[in-house]
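Participant: Model the full structure from these sequences, guided by the hints.
Here the first sequence stands for residues 195 to 787, where the numbers follow this note's numbering.
Keep in mind that the hints were calculated from the coordinates and are not lab data.
Only a predicted model underlies this, so the values are computations on that prediction, with no experimental measurement involved.
Incorrect hints may have been included.
[As the list claims (entries may be wrong)] Result set (DSS-like, lysine-lysine): computed pairs, CA atoms no more than 27 angstroms apart in a straight line: (1) Lys-581 x Lys-636; (2) Lys-651 x Lys-684; (3) Lys-300 x Lys-711; (4) Lys-479 x Lys-443; (5) Lys-491 x Lys-479; (6) Lys-581 x Lys-494; (7) Lys-734 x Lys-766; (8) Lys-298 x Lys-320; (9) Lys-320 x Lys-494; (10) Lys-300 x Lys-491; (11) Lys-734 x Lys-300; (12) Lys-320 x Lys-439; (13) Lys-766 x Lys-282; (14) Lys-204 x Lys-254; (15) Lys-711 x Lys-199; (16) Lys-464 x Lys-531; (17) Lys-320 x Lys-464; (18) Lys-623 x Lys-685; (19) Lys-711 x Lys-282; (20) Lys-597 x Lys-685; (21) Lys-282 x Lys-300; (22) Lys-199 x Lys-684; (23) Lys-297 x Lys-685; (24) Lys-297 x Lys-766; (25) Lys-298 x Lys-651; (26) Lys-597 x Lys-623; (27) Lys-623 x Lys-651; (28) Lys-320 x Lys-479; (29) Lys-636 x Lys-531; (30) Lys-300 x Lys-766; (31) Lys-282 x Lys-254.
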Amino acid sequence: MEKIKEVVEKVVKRVFEVEIEAGVERTPEGIEADFATNVAMKLAKEVRRNPREIAEEIRKGVEEDGELEGAKIEVVGPGFLNFTLNDKFFIQEVEELLDDFDKKVKSEQYRGKVVVTEFSDPNPFKVLHVGHLYTSIVGEGMSRLIEFAGGEVHRTNFGGDVGLHVAKTIHALLACGRQFVSSDASRARPPLRGSRSPDLARKLRYADENKTVSPLVADIELLAECYVRGTRLYEEDERARGEIKELNKKIYQIAERGEGNEEGLSEEDKRLAEMYWQGRALSYKYFEQFYERIGVKFEKFYPESSVVERGRETVLRELGNGVYERSEGAVVFSGEKYGLHTRVFINQEGIPTYETKDVGLLLTKNEDYHFDESVVITGNDIVDYMKVVLKSVEQYAPELVRKTRHVTHGNVRLPGNEKMSSRKGNFIKAVDILDDVFERTKSEIIGLAAIKYAFLKYRVGGDIEFDAEESVRTVGNSGVYLLYSAVRGKKIINSALRVETPDILVGLNEFERELAKKFMEYRGVLREAVEGLAPNVVCKYLFELAQEFSRFYEHCRVVGDEREAERVKLVKLFVQVMEHGLFLLGITVPEEM
RNA sequence: GCACCCGUAGCUCAGCGGAUUAGAGCACUUGUCUUCGGAACAAGGGGUCGUAGGUUCGAAUCCUAUCGGGUGUACCA
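Facilitator: As structure tokens, then:
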């Protein structure tokens, strides 16, 4: 497919002196030919000529070119070029792919580029919910696509270790007088592996008596509970709101002083500081364990406290330059003149908001990595917010904004339309999903594959539905189905006996041919996936590939067949493509299932 | 109110820099098979692509309007 594309583009350039991308696709079902392109019609618009005539010229050009020797090329309909290739062509492609797969499939779209990705972004003192699971998987998928395309990727993570949510949580924590079970974060043990019933989460608050649950998880549960309580108080109780705001200021000061620097603090504040640093450490420990479990590795965590000063300085400096302005005692950016809305960067109490922290983050990331591109992956509820922040930064660092790309995804919906909110505490935790699916598959590796695939098969942007039961189904468009097809392939390779004998494919039956045709689509698929940072494109292809392989498997005996060696080659290539594609999705194939 | 996103088969979704007869999966109906591990394959029914206009030789795809759903819209993150 890519070969056809290349040849056609070459011919077009030579004959028409126009650079144009030739979209080559498989022909719809029922049409004799293998592949088709509509370049002639595209070109017709540009050069204002009859598309059929143009197609005719391209056809001649391609025939003269000789690279697609033996191909039957037809001009049909309004100007499609239909290609029917002979087996020799397919065989050659298969052999080439097998010869040096990585090189043949390689993409250069990000070659030499330093790319910083930022995703997941959980807040310390809060619990990881399904949304974090989703965004982590999407972010990892995109990072891998960029890496595959030659980019030097640095995965970063930004989280609110200071801010109102922390004050709310700590307020409730102080009020209830509870202590962390794992008071020393370094002693915290990894969470339980394997099965846990979904409702166990509720029992976790009695974790001190229940030795089967890690102290760390119990502490995080405690924080979650306190966040819910604190939020309720903040909304309902005037006095508590005042106290929380005061607490918020204090926490900022504590964070600013840094850990261990408690000189001159009152006894009460020392206790507060201790609680803050403990809670923060526990949260990061908990995050790390979670990421390790899902196979995501961040190079750097940027706690908000580490960029807030940079942000504040910048905002205040640019306040002097007229980018930001004072309004009602706060520092704001008026987005209206750019068709956006106004946002507060430093509030009336003098505390920097998220906006300012994001400014600091943007600048800090740039200084740390000198990136060519920064990809920020977040939920889509934040699009307009981010536009305002970026527009403000554009006023004094236009280059930085040009290099920044904000990619957004939707929320995870569960069947039955349950609404989730971490403020109310009725959300689904990330571990609940993990545990549920691991329980169903009895395997972490398969369960993880099921979840990742279930999340990534949707186009990034809109809300998605996650159905745990469907995700582990072995039939249909599921990760398990893909895994199974790959494992089957491996099994064949292992039991094949006469691999050594004839090593060149001599001919193809209809199933072999279809499979080979599918292999040829892979490069184009990768190009498209990288271009759009679209893991779902890879998913769709891999599913179709698995179907094609299953068909082949069903109809063509490999082991023991007289054409065993030839067929093993096709199976090998299948496994190679499948593993390669799944790797880009963050999924690994087990040896057995 | 304004802005953005989304309305494609009963359900969940692809397709949307226009183009050959609108595609999958699930569910439903019916077959194949004592298998290189059925966690399989094959066949079938099911859609006026929210609605109405427009541009075009040609529109699910582009434009306009309209209806329905979601999100955001100054001191949360």
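Participant: Of the numbered hints stated previously, which ones are contradicted by the structure, given in increasing order?
Facilitator: 1, 8, 16, 18, 20, 22, 26 and 29
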